[in-house]
Amino acid sequence: MLIDANVALGPWPFAPLPERTAPQLVAYLKSHGVNRALVSHLGAIFLPEPMPANRALFAAVRRTPTLLPVPVINPALATWREHLAACIAAAPIRAVKIIPAYHNYSLRLPALAPFVAAVNAAGLRLIVATRLEDERHRYHALAVKGLPVAQLAAFLARFPATHFVCSGLYKPEIETLAATHENFSADIAFAEWLNTLALLTQKIPARRLLLGTNTPLFDTRAQVDKLRLARLPAKTLALIGSANAARLFGL
Amino acid sequence: MRIIDAHTHPVFMHDGATPAAARRLVAHGRAHGIVKMVALGDVLVHGRLPSAAQCRRINDETAQLKRWHPDYFIGFCCLNPTLGARAVEREVERCVTQHGFRGIKLEISNNARDACMGAVMAAARRWNLIVLQHTWSQTNIHQRRFHSDPADTAWLARRHPDVSVIMAHLTGCGYRGVLEAKGLPNLFVDTSGAFPEAEILDFAVQELGAERILYGSDLPIRETSVTVGRVLGAHLTAAQRHLILHDNAAKLFRL
Ligand SMILES: [Zn+2]
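Protein chains in written order, with this note's numbering: chain L, 10 to 260; chain A, 1063 to 1317.
Mixed in with the good hints, there may be bad ones.
Unchecked claim - Facing chain A, a subset of chain L residues (Cβ under 7 Å, in silico):
# : residue
1 : H146
2 : T205
3 : R230
Unchecked claim - Covered by chain A, according to a simulated footprint, are these stretches of chain L (three or more residues, beta-carbon under 8 Å):
# : segment
4 : 19 to 33
5 : 135 to 145
6 : 231 to 245
What the hints contain is simulated information worked out from the structure, not anything from laboratory work. For every residue, glycine included, the Cβ atom is placed at its ideal position computed from N, Cα and C.
Please put together the full structure from these sequences, using the hints given.
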């Protein structure tokens, strides 16, 4: 039983990745031992406003209950309140995602205060996606870099009563943030070193780590094996593999 | 499953140089099916331009690992080609005759096209050594003065068809790098480099053939379960997987 907190549907323009339908994605994830997944739509990253991609996501997963849709909201747009309301009305969502690096705003954006309040009021978890790829390998004409960890630290300090899920952090970034902030959990999609999880869990409690594969950009088997083959107590593996996601997203 | 890891740094930034750490690493490798590791040395511990004495110290550490675990580690000689032909020849001869090293590891002292590589390739030819060149796409890095792009490493292999060259870091070389490596039977690509980006290994097998690809992890920077998992996760036949994980390296290193 695994829950993957970092999966996407839709096209990625910069690599010849398989574009799966929702049922194909369910079968594919299942072949790697993943039973449930939080899924966003990659189109939401590149469109001028994310709602067409969010609508495509809701339509795609309507008949696949093990895929939990996570719409992307851009709080730098004037209509973020309407977008959030439309997503809540469209599907039984548990979380929303922001992708500041791709949507061209910093975490100092003033609108984030009412946005975080609205997300909290709706009983949703906010996922802050910091990166989707190794920036050294980005398309030559793109200038997008990962979200600076100092910005994220200031953001966590600004909303101490909210517990965020951060996706895409590198291992040293998780460790740096964990030293000073308790109000976040992190997926392990971009955390890697020899004995990753044994080292990470010395710096952050296992109850704040989540399996995230970054499928389809990363190889799912490799990412799942990082957890499956880690030399840790079964209880720890169960926390990272599913129990934390179940708790954080109310599954 | 028997695996040969063609790209490891058992000692990294001084970590791993003790008998206990080496024992732990061998046990870790064996638990993942890795029967041998190519030890490339602690190549950046003294920066990108190590002195002759610093190269000797790095290579002596690799030799020490080999003495502790002679059946497990294959030594590669770390060089700074910019030190000149005499220094290169002397260190290669020392590493081969005293330590039994099987290859040369080149990092980012210079670009693979630089004139100083002449002495390195001559030494490789003389001692029948494999040359592993650190390689990364310079599209977004802009360090080509001393950092080899796949086009540079391919140039090196084309210029020296009688020397086997490993272009390190498939993922760092990217799709363009795979295409640069086409048509060069003496050029091999290792599967290391960055995160397990989906599909690029499939692309490399399609464009180059499985015979030209070697499993490499770049541990401890990467996680063994991930680097092996990305080979197991690619759409390959069992025969292709065996070639990449073991047989190509066994043939290349004459094991
Ligand atoms: Zn390396």
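Checked hints:
| no. | hint | in the structure |
| --- | --- | --- |
| 1 | H146 | 6 Å, holds |
| 2 | T205 | 5 Å, holds |
| 3 | R230 | 3 Å, holds |
| 4 | 19 to 33 | holds (count 4) |
| 5 | 135 to 145 | holds (count 4) |
| 6 | 231 to 245 | holds (count 8) |
When held up to the earlier numbered hints, the structure conflicts with none and fits them all.
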